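Numbering that gives the first Met the number 0 puts the first residue of the sequence shown at 0, with every later residue one more than the last.
No wet-lab data here; the hints were simulated from the structure.
Owing to the predicted nature of the structure, the values given are computational and were not obtained by experimental measurement.
Some clues are possibly wrong.
[Unchecked claim] Derived Cβ-Cβ restraints for the label pairs, each shown as a range:
#  : residue 1 : residue 2 : range
1  : I7        : T136      : 26 to 36 Å
2  : A134      : M0        : 14 to 24 Å
3  : K57       : E143      : 16 to 26 Å
4  : E66       : N8        : 32 to 42 Å
5  : R20       : D121      : 22 to 32 Å
6  : K57       : R2        : 22 to 32 Å
7  : F64       : E29       : 32 to 42 Å
8  : N87       : A67       : 36 to 46 Å
9  : N8        : Q111      : 16 to 26 Å
10 : W130      : K105      : 11 to 21 Å
11 : E66       : K135      : 31 to 41 Å
12 : K57       : M0        : 16 to 26 Å
13 : E81       : A11       : 20 to 30 Å
14 : R20       : K135      : 29 to 39 Å
Each residue gets a CB set at the ideal place from its N, CA and C atoms; glycine is no exception.
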Amino acid sequence: MFRGITPINLDAKGRMAIPTRHRTQLIEDENQIVVTIDTKAPCLLLYPLPEWELIEQKLAALPSFNEAARRIQRLLIGHATELDIDNNGRVLLPTVLRTYANLDKKIVLVGQGKKFEIWCHDAWEQARGNWLDLAKTEDKLPDELTTLAL
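Input sequences plus hints: build the corresponding full structure.
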């Protein structure tokens, strides 16, 4: 499981260093990961290749005549990019993906269980602030969370 928030700097070429503590988990038997866009937020999703392949199979099985399903397939599978982790533990994020998520020098890697989100540092700070403000005013939790004890 991937958890925590890690600040990272992109280099001038758009390479991101994968934190050492996550490299082994990410690459498992292969030296590849998959990065795609998040369709609901201005960030990227980073998956170990085997985890992405499970998601891709589910996406491919969606009905092709359903417009919403086709839109999600086009966006997620269309942007999905297999990336190699180099010997220094870095990945080169393609320009089109960096542009989508407004990634510049300062980024954050946010653990989300089976994947990571990659955010522009400033966008993450703003979104996190918005979510915290919203949590203060909402008093209804989804039914699935009402039995969760923290």
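Hint check results:
{"no.": "1", "hint": "I7 - T136: 26 to 36 Å", "result": "32 Å, holds"}
{"no.": "2", "hint": "A134 - M0: 14 to 24 Å", "result": "23 Å, holds"}
{"no.": "3", "hint": "K57 - E143: 16 to 26 Å", "result": "20 Å, holds"}
{"no.": "4", "hint": "E66 - N8: 32 to 42 Å", "result": "40 Å, holds"}
{"no.": "5", "hint": "R20 - D121: 22 to 32 Å", "result": "25 Å, holds"}
{"no.": "6", "hint": "K57 - R2: 22 to 32 Å", "result": "24 Å, holds"}
{"no.": "7", "hint": "F64 - E29: 32 to 42 Å", "result": "34 Å, holds"}
{"no.": "8", "hint": "N87 - A67: 36 to 46 Å", "result": "41 Å, holds"}
{"no.": "9", "hint": "N8 - Q111: 16 to 26 Å", "result": "21 Å, holds"}
{"no.": "10", "hint": "W130 - K105: 11 to 21 Å", "result": "20 Å, holds"}
{"no.": "11", "hint": "E66 - K135: 31 to 41 Å", "result": "37 Å, holds"}
{"no.": "12", "hint": "K57 - M0: 16 to 26 Å", "result": "20 Å, holds"}
{"no.": "13", "hint": "E81 - A11: 20 to 30 Å", "result": "23 Å, holds"}
{"no.": "14", "hint": "R20 - K135: 29 to 39 Å", "result": "32 Å, holds"}
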